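Please put together the full structure from these sequences, using the hints given.
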Amino acid sequence: MKLLKMFFVVSIVLLLVSSTVAAGDFDWIKDFNIKAEADPSGFRARLAARFKIGNAEISTVLSNVKKPADAYMVLRLGEMSRQPTNYVTQEYKKSKGKGWGALSKSLGIKPGSAEFHALKRRHDLPGEQPKVKSKGKGKQPSSVTLIKTISK
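Heads up, the sequence shown is in this note's numbering, so the first residue is -14 and it goes up one at a time.
Just so you know, these hints were derived from the structure itself, not from any lab.
Misleading hints may appear alongside valid ones.
[What the hints assert, rightly or not] Once the Cα atoms are required to be at most 25 Å apart in a straight line, the calculated DSS-like pairs of lysine-lysine come out as:
id, residue 1, residue 2
1, Lys83, Lys52
2, Lys90, Lys78
3, Lys15, Lys52
4, Lys83, Lys51
5, Lys15, Lys95
6, Lys105, Lys78
[What the hints assert, rightly or not] Simulated restraints on C-beta separations:
id, residue 1, residue 2, range
7, Arg107, Ala30, 16 to 26 Å
8, Gly97, Asn40, 33 to 43 Å
9, Gly97, Pro25, 27 to 37 Å
10, Ala99, Ala41, 26 to 36 Å
11, Ser26, Lys83, 29 to 39 Å
All values derive from a computational prediction rather than experimental measurement.
Using N, Cα and C, we set each Cβ at its ideal position, and we do this for glycine too.
Shown next, in the form of structure tokens:
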């Protein structure tokens, strides 16, 4: 019985740890894509206002990326790196699947920089902003602590 209980506790802890890791960085992107796809003209207007670009450039970027958030990221990383949008789009295509950290690094942006960490937490388009999760200052309990707590 004790072995079964311990197995159950370990399973829960592993599930919690894996779901936390999976959520990871850029958790605002999923909601961002849903809202952008629900209101494409509003999304285009917000991109135009934020990046001060015209419809032709927006169309070009959107036609070269998979999702609306990718278009935002290409434009934002171009701004951060001071690189033209077409260059960032080429780098995006080259580094597809490697993640935003790899792309930012290829553009000369340090993935550990304060600006990049702010980007991981949220976008800066006008309108509704995503909820910012507090990281807190306290230390997270370890798996061993969680197991001891749950098994008591």
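Hints versus structure:
Annotation: proposed proximity of Lys83 to Lys52 holds, straight-line Cα distance about 16 Å (limit 25 Å). Restraint check for Lys90 and Lys78: the C-alpha separation of about 14 Å stays at or below 25 Å, so the hint holds. Between Lys15 and Lys52, the direct Cα distance comes to roughly 10 Å. Compliance with the 25 Å bound is thereby established for this hinted pair. With a CA separation close to 15 Å, the supplied pair Lys83 and Lys51 stays within the 25 Å bound.
About 24 Å separates the Cα atoms of Lys15 and Lys95, which keeps this hinted pair within 25 Å; it holds. Our distance criterion of 25 Å between C-alpha atoms is met by Lys105 and Lys78, whose separation comes to about 20 Å. In this structure the supplied range 16 to 26 Å holds for Arg107 paired with Ala30, their Cβ-Cβ distance being about 19 Å. Range check, Gly97 to Asn40: about 35 Å between beta-carbon atoms, so the 33 to 43 Å window is met.
The hinted range of 27 to 37 Å is satisfied by Gly97 and Pro25, whose Cβ atoms lie roughly 34 Å apart. In this structure the hint that Ala99 and Ala41 lie 26 to 36 Å apart at CB holds, the actual value being about 33 Å. The hinted window of 29 to 39 Å between Ser26 and Lys83 holds, with their beta carbons roughly 32 Å apart.
The structure agrees with every numbered hint stated previously.
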